[in-house]
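Peer 1: Please build the complex by placing chain B on the supplied structure of chain A, with the hints as guidance.
Those protein sequences? They're chains A and B, same order as listed.
Quick note on our numbering: the first sequence kicks off at 1 and runs consecutively.
Quick note on our numbering: the second sequence kicks off at 1 and runs consecutively.
What the hints contain is simulated information worked out from the structure, not anything from laboratory work.
Where is the CB? At the ideal position from N, CA and C, for every residue including glycine.
The calculated SDA-like cross-link candidates involving lysine to any residue, where the alpha carbons are at most 20 Å apart (straight line), are:
{"id": "1", "chain 1": "A", "residue 1": "Lys-234", "chain 2": "B", "residue 2": "Gln-173"}
{"id": "2", "chain 1": "A", "residue 1": "Lys-121", "chain 2": "B", "residue 2": "Pro-212"}
{"id": "3", "chain 1": "A", "residue 1": "Lys-121", "chain 2": "B", "residue 2": "Glu-130"}
{"id": "4", "chain 1": "B", "residue 1": "Lys-84", "chain 2": "B", "residue 2": "Glu-64"}
{"id": "5", "chain 1": "B", "residue 1": "Lys-187", "chain 2": "A", "residue 2": "Thr-174"}
{"id": "6", "chain 1": "B", "residue 1": "Lys-117", "chain 2": "A", "residue 2": "Ser-113"}
{"id": "7", "chain 1": "A", "residue 1": "Lys-234", "chain 2": "B", "residue 2": "Lys-168"}
{"id": "8", "chain 1": "B", "residue 1": "Lys-17", "chain 2": "B", "residue 2": "Thr-47"}
{"id": "9", "chain 1": "B", "residue 1": "Lys-168", "chain 2": "A", "residue 2": "Val-236"}
{"id": "10", "chain 1": "B", "residue 1": "Lys-166", "chain 2": "A", "residue 2": "Phe-169"}
{"id": "11", "chain 1": "A", "residue 1": "Lys-121", "chain 2": "B", "residue 2": "Ile-175"}
{"id": "12", "chain 1": "A", "residue 1": "Lys-213", "chain 2": "B", "residue 2": "Glu-197"}
{"id": "13", "chain 1": "A", "residue 1": "Lys-234", "chain 2": "B", "residue 2": "Glu-174"}
{"id": "14", "chain 1": "A", "residue 1": "Lys-121", "chain 2": "B", "residue 2": "Cys-132"}
{"id": "15", "chain 1": "B", "residue 1": "Lys-117", "chain 2": "A", "residue 2": "Asn-122"}
So the derived label-pair ranges between C-beta atoms look like this:
{"id": "16", "chain 1": "A", "residue 1": "Arg-248", "chain 2": "B", "residue 2": "Thr-206", "range": "52 to 62 Å"}
{"id": "17", "chain 1": "A", "residue 1": "Thr-54", "chain 2": "B", "residue 2": "Lys-117", "range": "23 to 33 Å"}
{"id": "18", "chain 1": "A", "residue 1": "Thr-54", "chain 2": "B", "residue 2": "Lys-191", "range": "32 to 42 Å"}
Some chain B residues close to chain A (C-beta under 8 Å, calculated; not the full set):
{"id": "19", "residue": "Glu-170"}
{"id": "20", "residue": "Tyr-183"}
{"id": "21", "residue": "Leu-195"}
{"id": "22", "residue": "Val-198"}
{"id": "23", "residue": "Trp-204"}
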Amino acid sequence: MKAGSNLEKLLSKGEFVVTGECGPPKGTDVEILKRKAGYLKGNVDSVNITDNQTSIVRMSSIAACKIIKDMGIEPNMQMVTRDRNRIAIQSDIFGASALGIKNILCLTGDHQSFGNHPTSKNVFDLDSIQLIQTVKMMRDEGKVLGGDEITGIPEMFIGAAVNPFADPFEFRVTRLAKKIKAGVDFVQTQCIYNLDKFEKWMEMVRDRGLHEKVYILAGVTPIKSVGMARYMQKNVAGMDVPESVIERIKGVGKEKCKEEGIKICVESIQRLKKIKGIAGIHLMAIEWEEIVGEIVKSAGLLPRPSVN
Amino acid sequence: MIVAERKPLDEIKEMTKEYNKILMVGCATCVTVCMAGGEKEVGILATALKMAHKMQKKDIDIKEVTVERQCEWEFIEPLKENMKNCEAIVSLGCGAGVQTIAEMYKDKEVLPALNTKFIGIPQEQGIWMEKCLACGDCKLGEFGGICPIARCSKSILNGPCGGSSKGKCEINQEIDCGWQLIYDRMKTLNKLHLLEEVASPKNWSTSRDGGPRKVVREDMVIDKV
Numbered sequence: 001m002k003a004g005s006n007l008e009k010l011l012s013k014g015e016f017v018v019t020g021e022c023g024p025p026k027g028t029d030v031e032i033l034k035r036k037a038g039y040l041k042g043n044v045d046s047v048n049i050t051d052n053q054t055s056i057v058r059m060s061s062i063a064a065c066k067i068i069k070d071m072g073i074e075p076n077m078q079m080v081t082r083d084r085n086r087i088a089i090q091s092d093i094f095g096a097s098a099l100g101i102k103n104i105l106c107l108t109g110d111h112q113s114f115g116n117h118p119t120s121k122n123v124f125d126l127d128s129i130q131l132i133q134t135v136k137m138m139r140d141e142g143k144v145l146g147g148d149e150i151t152g153i154p155e156m157f158i159g160a161a162v163n164p165f166a167d168p169f170e171f172r173v174t175r176l177a178k179k180i181k182a183g184v185d186f187v188q189t190q191c192i193y194n195l196d197k198f199e200k201w202m203e204m205v206r207d208r209g210l211h212e213k214v215y216i217l218a219g220v221t222p223i224k225s226v227g228m229a230r231y232m233q234k235n236v237a238g239m240d241v242p243e244s245v246i247e248r249i250k251g252v253g254k255e256k257c258k259e260e261g262i263k264i265c266v267e268s269i270q271r272l273k274k275i276k277g278i279a280g281i282h283l284m285a286i287e288w289e290e291i292v293g294e295i296v297k298s299a300g301l302l303p304r305p306s307v308n
Numbered sequence: 001m002i003v004a005e006r007k008p009l010d011e012i013k014e015m016t017k018e019y020n021k022i023l024m025v026g027c028a029t030c031v032t033v034c035m036a037g038g039e040k041e042v043g044i045l046a047t048a049l050k051m052a053h054k055m056q057k058k059d060i061d062i063k064e065v066t067v068e069r070q071c072e073w074e075f076i077e078p079l080k081e082n083m084k085n086c087e088a089i090v091s092l093g094c095g096a097g098v099q100t101i102a103e104m105y106k107d108k109e110v111l112p113a114l115n116t117k118f119i120g121i122p123q124e125q126g127i128w129m130e131k132c133l134a135c136g137d138c139k140l141g142e143f144g145g146i147c148p149i150a151r152c153s154k155s156i157l158n159g160p161c162g163g164s165s166k167g168k169c170e171i172n173q174e175i176d177c178g179w180q181l182i183y184d185r186m187k188t189l190n191k192l193h194l195l196e197e198v199a200s201p202k203n204w205s206t207s208r209d210g211g212p213r214k215v216v217r218e219d220m221v222i223d224k225v
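Bound conformation, chain A alone (with noise of 0.2 Å):
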């Protein structure tokens, strides 16, 4: 055990996992925040708290992380190099494992400019894959980036994620295989609406035996409405929403979009289980946490089985 979070002994004792996603709120309102993961509690084995995400001020990912922990929830912690340098990084991990935290997914980050922030300066003294073997070593080495010695070693599962959707595609593997060699754990993928290209990327990933040195939890997000289904399509890069499946959500009449959505979303888990090398599913319902437990139980995932 590196870590010995319930993510990492489901993962090592070949369960088929899955984590869910929560953002904090916009504020010190920590009743939103036991709310969004009250809905996840029972349905995933980890849920990922989202560090800032799109450069929108919310509460801090590790606040957040221990106040999931507390309601005994096991937290994922986020971690972008857009606002913090490495002296920070390093502080707020030892922070953070002080409190319990186990799990650290490893981000470069969206750019400041898309948040509510854009004159803001950003740092990326690190990007995703050095903040990864950063970790590693604070973890396995017992030093700082420095070169001192800790006192303490931060126990952390280690993630990434992937998206085998941007660009150049023939990259994409290739990028997974550093952030395997700068010492990841667990990977998730970007949301995944076209199986048929996640299927060839998982194909290339196997070709180079990829799979069988990091544990691969695939990303799926259901869809609300056509709208949302479009604006991902249009608006954000790296995404890949084929047409078909907003024709699909198009063409049940906008009474029963969500149904469809939540439909597309089982399927698709369905569909990711039964390829070779994944490991899990990353399920990121965005603002719309309460669904999760229908999705999960309609995948048939539940229950969700014990670490002992």
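Peer 2: Using the frame of chain A, we list chain B on its own:
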């Protein structure tokens, strides 16, 4: 070269409102090439500024001079004569030029008429693009001659990030993904295997992060006795 852009006229007008006699200094090097602060631009700005003040019933006297290089003592020293008759200087040099004048002519206010943008090149007619961030530790040799620090919006050394789409950056469609360019170039050079290696965290101390920088060439320094 240094690429700059002229400030809006209103801003320059506001800066100069308390003065009646101005020395306007252009620079014949970088900012002439990027058409922001050469002799021609000095002429245009002087006329426009006079007119702008005139509309507020204020007459100002502007003496126009363009020096070869505003960032070198020997080229701005001849401005000494003109200094006597002016109350303030409006510089159309880059940030280095403005500060060179300020350092030499300590009793006169120097006002910048340009915004210094970046080190770059005239990409095509009327378009200048950033190429170098002057990080002080050039790694262009490792990335096929395309700088990830300057050309990637996140300066990542192990790109491209998940926001690279159809050759463009996630920020907007106007920006090429620097890492797509690196990938394409390395492919052409048959050196894609080099991108399999993880690039370690960068030493930023050679960049601005190490504090204001200077270069000392001991072999060229003349000892002051």
